[in-house]
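A.B. asks: For chain A, the structure is supplied; the task is to place chain B on it using the hints.
Chains A and B supply the protein sequences, listed in that same order.
Mapping to the numbering used here: the first sequence position 241 is 428, numbers consecutive.
Mapping to the numbering used here: the second sequence position 2 is 189, numbers consecutive.
It should be emphasised that the hints constitute simulated quantities derived from the structure, not laboratory data.
Backbone N, C-alpha and C fix where the C-beta goes; we use that ideal spot for every residue, glycine too.
Treat the hints with caution; some may be incorrect.
Straight-line C-alpha distance at most 25 angstroms; calculated PhoX-like pairs for lysine-lysine [said to hold, decoys possible]: (1) K428(A) / K416(A); (2) K315(A) / K296(B); (3) K315(B) / K296(A).
Away from chain B, derived, C-beta distances all over 12 angstroms, residues of chain A [to be verified]: (4) A217; (5) I268; (6) N431.
2 protein chains.
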Amino acid sequence: MGSTGSVISIAENDLMMEKPQLFIVKIGGAVIDDEAALQQFTQGFATIPAAKILVHGGGRMATTVAEGMGIQQQLVGGRRITDAETLKVVTMVYAGWINKQVVALLQAKGCHAVGLSGADGNVILANKRQADGINYGFAGDVLAVNVQLLTQLIDQNATPVLCPITHDGAGQLLNTNADTIASEVAKTLAKNYRVRLLYCFEQNGVLSNRHNPDSVIREITPQAFVALKAGGVVSDGMLPKLENAFAAVDSGVERVVIGAAQNLAAMVNGNSGTAIING
Amino acid sequence: MGSTGSVISIAENDLMMEKPQLFIVKIGGAVIDDEAALQQFTQGFATIPAAKILVHGGGRMATTVAEGMGIQQQLVGGRRITDAETLKVVTMVYAGWINKQVVALLQAKGCHAVGLSGADGNVILANKRQADGINYGFAGDVLAVNVQLLTQLIDQNATPVLCPITHDGAGQLLNTNADTIASEVAKTLAKNYRVRLLYCFEQNGVLSNRHNPDSVIREITPQAFVALKAGGVVSDGMLPKLENAFAAVDSGVERVVIGAAQNLAAMVNGNSGTAIING
Numbered sequence: 188m189g190s191t192g193s194v195i196s197i198a199e200n201d202l203m204m205e206k207p208q209l210f211i212v213k214i215g216g217a218v219i220d221d222e223a224a225l226q227q228f229t230q231g232f233a234t235i236p237a238a239k240i241l242v243h244g245g246g247r248m249a250t251t252v253a254e255g256m257g258i259q260q261q262l263v264g265g266r267r268i269t270d271a272e273t274l275k276v277v278t279m280v281y282a283g284w285i286n287k288q289v290v291a292l293l294q295a296k297g298c299h300a301v302g303l304s305g306a307d308g309n310v311i312l313a314n315k316r317q318a319d320g321i322n323y324g325f326a327g328d329v330l331a332v333n334v335q336l337l338t339q340l341i342d343q344n345a346t347p348v349l350c351p352i353t354h355d356g357a358g359q360l361l362n363t364n365a366d367t368i369a370s371e372v373a374k375t376l377a378k379n380y381r382v383r384l385l386y387c388f389e390q391n392g393v394l395s396n397r398h399n400p401d402s403v404i405r406e407i408t409p410q411a412f413v414a415l416k417a418g419g420v421v422s423d424g425m426l427p428k429l430e431n432a433f434a435a436v437d438s439g440v441e442r443v444v445i446g447a448a449q450n451l452a453a454m455v456n457g458n459s460g461t462a463i464i465n466g
Numbered sequence: 188m189g190s191t192g193s194v195i196s197i198a199e200n201d202l203m204m205e206k207p208q209l210f211i212v213k214i215g216g217a218v219i220d221d222e223a224a225l226q227q228f229t230q231g232f233a234t235i236p237a238a239k240i241l242v243h244g245g246g247r248m249a250t251t252v253a254e255g256m257g258i259q260q261q262l263v264g265g266r267r268i269t270d271a272e273t274l275k276v277v278t279m280v281y282a283g284w285i286n287k288q289v290v291a292l293l294q295a296k297g298c299h300a301v302g303l304s305g306a307d308g309n310v311i312l313a314n315k316r317q318a319d320g321i322n323y324g325f326a327g328d329v330l331a332v333n334v335q336l337l338t339q340l341i342d343q344n345a346t347p348v349l350c351p352i353t354h355d356g357a358g359q360l361l362n363t364n365a366d367t368i369a370s371e372v373a374k375t376l377a378k379n380y381r382v383r384l385l386y387c388f389e390q391n392g393v394l395s396n397r398h399n400p401d402s403v404i405r406e407i408t409p410q411a412f413v414a415l416k417a418g419g420v421v422s423d424g425m426l427p428k429l430e431n432a433f434a435a436v437d438s439g440v441e442r443v444v445i446g447a448a449q450n451l452a453a454m455v456n457g458n459s460g461t462a463i464i465n466g
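Next up, chain A with everything else stripped away, as it sits in the complex (with noise of 0.2 angstroms):
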């Protein structure tokens, strides 16, 4: 869908009217480590006033916990490794102590939660990723979302909470990025929601000063990202998370926002993080 240009686009806007709002929200480790954020944080989420789902990682608990046990992990551009008792370890973090503390969380503040790996009613569907010279072992790609069942969660007033651990139909869990989750899931949800994505990470936004964390860009167009680009403001680790938010509002996502998890009211009200426009 992102190569069918403005025309379509404003069509699809003027549907967009029509369909109700969605809230995509997405917190790392930063968030999950420390209880006092994690309490702050479920409470904002639990009052956010429309549909929503959470979408989670833990990869800092997922290492402690496997250095616990004597499993050595391993890197490779910043992507673990999953060799089979790494995939137990991330199992049981992400699907078990994570999402289960989470949605315990979220229930005790009103919040309908319910966790969901991606095998849980077959909600993500993802292929192995094929070793292109790096065997990551079982790490997944996203194949398909089921619309349908998160559909039908959100009408039925629930708030899915999905950890990054997906299978592949045939009986395999995979271990899968959470920004990539959450990207999917928004970009599929786009034909039935006005989605806005929230990434929540350690920063207020993306900064033009990556000294000063309040210079904080509050727009980004693609025509900006350009000049961003050559410019040398955003660079290393920014560059991925910006490129797969341009392709989720190229993909009908309303916004994406990027910002910090201790201000996600004011992100959620537009008055806080860095928004990826599609112009």
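C.D. replies: This is chain B only, laid out in the frame that chain A set:
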């Protein structure tokens, strides 16, 4: 409901004729720890031609993981003392690895499985067991089963797969006995379904001669139970299992069958195991 007497029981039996059938199957560690047995069991379970719910335990694997992490396990009267670190382990093992592995296997076999802890959708609310001389830690006793959510899932042709982790509604996860979860869910859903509760364990059923694995007693009525206890045929660990089973049939569960996981199909058809029936 156990004290409502025979007049009400007859009325309930009449109503039951119009209710749909529901199988609730509980498996324990012996099946879960053996990959071939788990493949065979999930194949058999997936093909039960009726609505169904699976409840699993996993205590042996939790003990192995806890030991691997250097967390000492303490059992009092067969019950695990669940301190904070042990709660983390059992949540990881039950809600994470075992639950998602079973769900992925069932999905591969065409069964639309959805794995749930008690916190998910508030399916099973519990309260922390009060210390009566023994502090069990984060152990939960079942307070309420969410009939609406389980019924919605079953109506959508989904198969709930329940792990023995519950929550207190105030953000605290709790470790709960899987046998108890199976019987509490069975009792609660007996209002809406003709429930058959199948307990899978290591033996072919209740044995009249414990040295002969083929001496399975086909049926036990309350009257026969009294005689079996008096004769010393049934004793020790089998007593609470049977008392639990009679409590379930007293609460409207159509039939409880105790047998071996490898005989699941025959148990479903009433041709294997020991049936606990109400007169």
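A.B. asks: Hey, K315(B) versus K296(A), does the alpha-carbon distance stay inside 25 angstroms?
C.D. replies: 19 angstroms, holds
A.B. asks: Sort out whether K416(A) lies within 25 angstroms of K428(A), counting only the CA atoms.
C.D. replies: At roughly 13 angstroms apart (the allowed maximum being 25 angstroms), K416(A) and K428(A) satisfy the hint.
A.B. asks: Holds or violated: are the alpha carbons of K315(A) and K296(B) at most 25 angstroms from each other?
C.D. replies: 19 angstroms, holds
A.B. asks: Beyond 12 angstroms on every Cβ pair: is that true for A217(A) relative to chain B?
C.D. replies: Holds: least Cβ distance 19 angstroms, greater than 12 angstroms.
A.B. asks: Would you check whether the claim that N431(A) is not at the interface survives, using Cβ distances to chain B and the 12 angstroms cut-off?
C.D. replies: Per Cβ check, N431(A) is outside 12 angstroms of chain B; nearest 26 angstroms; holds.
A.B. asks: With d taken as the least Cβ-Cβ distance between I268(A) and chain B, does d exceed 12 angstroms?
C.D. replies: Given that every Cβ of chain B is farther than 12 angstroms from that of I268(A), nearest at about 19 angstroms, it holds.
The structure agrees with every numbered hint stated previously.
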